[in-house]
Amino acid sequence: MTRALVTVPKTAKRGEIIEIRAVVQHPMETGYRRSSEGDLLPRDLIRKFSCRFVESGNANDTGAMVFAATLHAAIAANPYLSFNLRAASSGTLVFNWEGDNGFSHREQVAMTVA
Amino acid sequence: MASVIVRPVSALTQSDVLTPLVKAYAAGGVVREGRVKFDIAPLVDNGNSVPIEVTVESPMTQAQHVVGIAIFNEKNPQNQVAEFTLSPLAGRARVAARIRLALSQQLVAVAKMNDGSCWMQTVEVLVTIASCIEE
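Protein sequence lines, in the order shown, are assigned to chains W and D. According to the working numbering, the stretch in the first sequence is residues 44 to 157, in order. According to the working numbering, the stretch in the second sequence is residues 41 to 175, in order.
Errors might be hidden in some of the hints.
What the hints assert, rightly or not - The calculated BS3-like cross-link candidates involving lysine-lysine, where the alpha carbons are at most 30 Å apart (straight line), are: (1) D:63 / W:56; (2) W:53 / W:91; (3) D:77 / D:115; (4) D:63 / D:77; (5) W:56 / D:115; (6) D:115 / D:63; (7) W:91 / D:77; (8) D:115 / W:91.
Hints were generated in silico from the structure; no laboratory data involved. Remember, it's a predicted structure, so these values are computed and weren't measured experimentally.
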């Protein structure tokens, strides 16, 4: 079970620029390290992250891209990313992580804009 | 983030490793120094998790915004750190992350604007405990 933590304010004023933080549990194994037996540990990385915004009432919509990232071995274990969003309307933020060995994780958070 | 702004770009010559990477990312666009603020501690105790923050001066409107930010390093086994895609929805051109650093080295943050022009800041950091070496 993958654990992820996403921090988004529950409510925001229209036009306010909010901060979004996302952390996901993952070793981000670089493929350059060796185990205590001397075997090369196979590479296991999260490669892609995305955050999309789906406006309320548009549940079928895939939403608009807010932020996306391509990650490499130089990203620390348990990747942490923080970015911003200008609160324009109420909706849902959908977070997606994808990586090696079929890794995939999705989180969604609702946000109310007054 | 409690970090100090690192030596200004003008004070250091960009490594020969970084320049072609920046050029490739720019894909023909003009690359200039400035507008980008690359926050990282100049002295890193532990290379396994180094907080970084990149902010770019941009109004982030439909007409004028940052479309992407790339970070490259000089001496890790792989030169790519991350490439970020931004949109005007963000309201602010900022990204923070935690990275790994194998050695004391230079890093560069390049921001690509929607008009194709690129801006960058190069920084140099000292790493006391390197990543990638311990088991």
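Hint check:
no.	hint	in the structure
1	D:63 / W:56	40 Å, violated
2	W:53 / W:91	26 Å, holds
3	D:77 / D:115	21 Å, holds
4	D:63 / D:77	19 Å, holds
5	W:56 / D:115	44 Å, violated
6	D:115 / D:63	18 Å, holds
7	W:91 / D:77	24 Å, holds
8	D:115 / W:91	23 Å, holds
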